[in-house]
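K.L.:
Sequence order for the protein chains is A, B, C and D.
Numbering-wise, the first sequence is residues 0 to 122 according to numbering that gives the first Met the number 0.
Numbering-wise, the second sequence is residues 0 to 122 according to numbering that gives the first Met the number 0.
Numbering-wise, the third sequence is residues 0 to 122 according to numbering that gives the first Met the number 0.
Numbering-wise, the fourth sequence is residues 0 to 122 according to numbering that gives the first Met the number 0.
No lab work stands behind these hints, which were simulated from the structure alone.
Some hints here could point you the wrong way.
Where chains are identical, the list cannot tell them apart; a pair therefore holds if satisfied intra-copy or between any two copies.
Said to hold, decoys possible - Under the rule of at most 20 Å between Cα atoms (straight-line distance), these lysine to aspartate or glutamate pairs were calculated in the EDC-like manner:
#1 Lys57 <-> Asp94
#2 Lys83 <-> Glu103
#3 Lys82 <-> Glu58
#4 Lys83 <-> Glu6
#5 Lys57 <-> Asp100
#6 Lys83 <-> Asp94
#7 Lys104 <-> Glu16
#8 Lys104 <-> Asp94
#9 Lys83 <-> Asp55
#10 Lys104 <-> Asp55
#11 Lys104 <-> Asp56
#12 Lys83 <-> Glu58
#13 Lys82 <-> Asp94
#14 Lys57 <-> Glu103
#15 Lys57 <-> Glu6
#16 Lys82 <-> Glu6
These numbers come from a predicted model, not from an experiment.
4 protein chains.
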Amino acid sequence: MSTLGAELTAVVQGGVEIRLPFSPSLTQRNGYLHAGAITAVLDSACGYAALTLAPDDKEVLTVEFKVNLLAPAAGQVFAASVKKTGRTLTVCTPDAFAIRDGGEKVVATMLATLMALPITPPK
Amino acid sequence: MSTLGAELTAVVQGGVEIRLPFSPSLTQRNGYLHAGAITAVLDSACGYAALTLAPDDKEVLTVEFKVNLLAPAAGQVFAASVKKTGRTLTVCTPDAFAIRDGGEKVVATMLATLMALPITPPK
Amino acid sequence: MSTLGAELTAVVQGGVEIRLPFSPSLTQRNGYLHAGAITAVLDSACGYAALTLAPDDKEVLTVEFKVNLLAPAAGQVFAASVKKTGRTLTVCTPDAFAIRDGGEKVVATMLATLMALPITPPK
Amino acid sequence: MSTLGAELTAVVQGGVEIRLPFSPSLTQRNGYLHAGAITAVLDSACGYAALTLAPDDKEVLTVEFKVNLLAPAAGQVFAASVKKTGRTLTVCTPDAFAIRDGGEKVVATMLATLMALPITPPK
């Protein structure tokens, strides 16, 4: 997140919003945001959203995700909401939006599975 | 690719290999490579692999991908091979491997769809 | 659709609803609807939803989909809506719901990519 | 499986093969095998493959899968192999093949996540 320059701008139960300022170092050859950068933020958004519903003694780990890239992405706002949370697995469906001329346009969407695990001390 | 420090180390018809030296700036809180970084390299590997089979006047764009994170990833070698190439769409299945004690262990796998488009001039 | 006994119950621009009566022949060993049956209906729902937005001389073909099975499924209502439609590709996000005690519960969700092609005569 | 007429034709540690005789009731309007039927068999193949590696007191449940449809499918042979098995989750990558003129052609591929659970008595 800090490498990318992303910022957590809203948190509710089961959902978060992240904003990512445009940076030339994150683009591919056409000048658009790289799929890896979009994925990194969508994945982080899911992690934070799942954490809002997880027990205090659990952390969440991404198991897998699918991303559809819908439009050339200058994605600046990312919103994640938890679709289903179970005892072990959480399913999350975040979107990335580009803001242009005051309106929002969805540029990427993810469908992700996360897993709750007992917290392990960070290295 | 250059932001990540990845390097294309082998190219064959329908396949490539990319190596990514370990960098602390690409890790998440447990000290492992971030899913976004792994995805970025797997996605780039698919793009290069698809390009080896595309006509000269076409470029390839990622439509969508799914990534399964299989093990805590200090992924250093990424190998992509094209599974099916059609007139418009290409399907690619790259893997990320960690090298430990001389052996390789798969740490992530992707299933991706790419699309061939007429080349547009870069911005 | 007819093999499964599914019925198209609503159609709007970019969206459809399908209902599937429960049938013992479509269950797996625990008595729940088989993932293949759920997928078949979700996929058909996407196809119909994409068709509502396609030009008259085009048909749509499924390129790929991802399905998350969220709860033991006695899924009876399937609702699909198109998330993004382009000149060639359409992205669709249908859900399957179980109806219990008057309420609805999401039991499966799909993220699918479809492709528009010139109509070919059926065999 | 019995509704579809599929038959388990080979089992090894971490892998299975299933054969599906062609049946007109499983086709869509172009005369090809329906995506739901292909998915049902690929999913069953993963389940059996995962079971070969699961402890005796566990059963496996599909969490999610992604399917890429690669060619018009008269898929008759399905081969699944486990890519990674962990304490809770198993990742499996089955393919569907059509047999034509003595040769095999891959017509669909899946990337699936399964979960091991304590066995519950069937209904």
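K.L.:
Taking 20 Å as the upper bound on the Cα-Cα distance, should Lys104 and Asp56 be classified as within, between, both, or neither?
P.N.:
neither (37 Å within a copy, 28 Å between copies)
K.L.:
At most 20 Å between CA atoms: does that hold for Lys82 and Asp94 within a copy, between copies, both, or neither?
P.N.:
Both ways: Lys82 and Asp94 sit 13 Å apart in one copy and 11 Å across, limit 20 Å.
K.L.:
What label fits Lys83 with Glu103 when the C-alpha limit is 20 Å: within, between, both, or neither?
P.N.:
between (26 Å within a copy, 14 Å between copies)
K.L.:
If the cutoff is 20 Å on CA atoms, where do Lys57 and Glu103 land: within, between, both or neither? Let me know, please.
P.N.:
The answer is neither: 34 Å in one copy and 29 Å across copies each exceed 20 Å.
K.L.:
Give the relationship of Lys57 and Glu6 under a CA distance limit of 20 Å: within one copy only, between copies only, both, or neither.
P.N.:
neither (23 Å within a copy, 37 Å between copies)
K.L.:
Under a CA distance limit of 20 Å, which applies to Lys104 and Asp94: within one copy, between copies, both, or neither?
P.N.:
within (10 Å within a copy, 22 Å between copies)
K.L.:
Regarding Lys83 and Asp94, is the shortest C-alpha distance of 20 Å or less found within a copy, between copies, in both, or in neither?
P.N.:
both (16 Å within a copy, 12 Å between copies)
K.L.:
Taking 20 Å as the upper bound on the Cα-Cα distance, should Lys104 and Asp55 be classified as within, between, both, or neither?
P.N.:
neither (35 Å within a copy, 27 Å between copies)
K.L.:
Give the relationship of Lys83 and Glu58 under a CA distance limit of 20 Å: within one copy only, between copies only, both, or neither.
P.N.:
For Lys83 and Glu58, the Cα distance is within 20 Å only inside one copy (17 Å; across copies 22 Å).
K.L.:
Please work out whether the CA atoms of Lys57 and Asp94 approach to 20 Å or closer within one copy, between two copies, in both situations, or in neither?
P.N.:
neither (25 Å within a copy, 29 Å between copies)
K.L.:
Using 20 Å as the alpha carbon limit, work out where Lys83 and Glu6 are close: within a copy, between copies, both or neither.
P.N.:
Neither way: Lys83 and Glu6 sit 25 Å apart in one copy and 27 Å across, limit 20 Å.
K.L.:
Between copies, within a copy, both or neither: which fits Lys82 and Glu58 at Cα up to 20 Å?
P.N.:
For Lys82 and Glu58, the Cα distance is within 20 Å only inside one copy (18 Å; across copies 25 Å).
This entry does not satisfy hints 1, 4, 5, 10, 11, 14, 15 and 16, going by the numbered hints stated previously.
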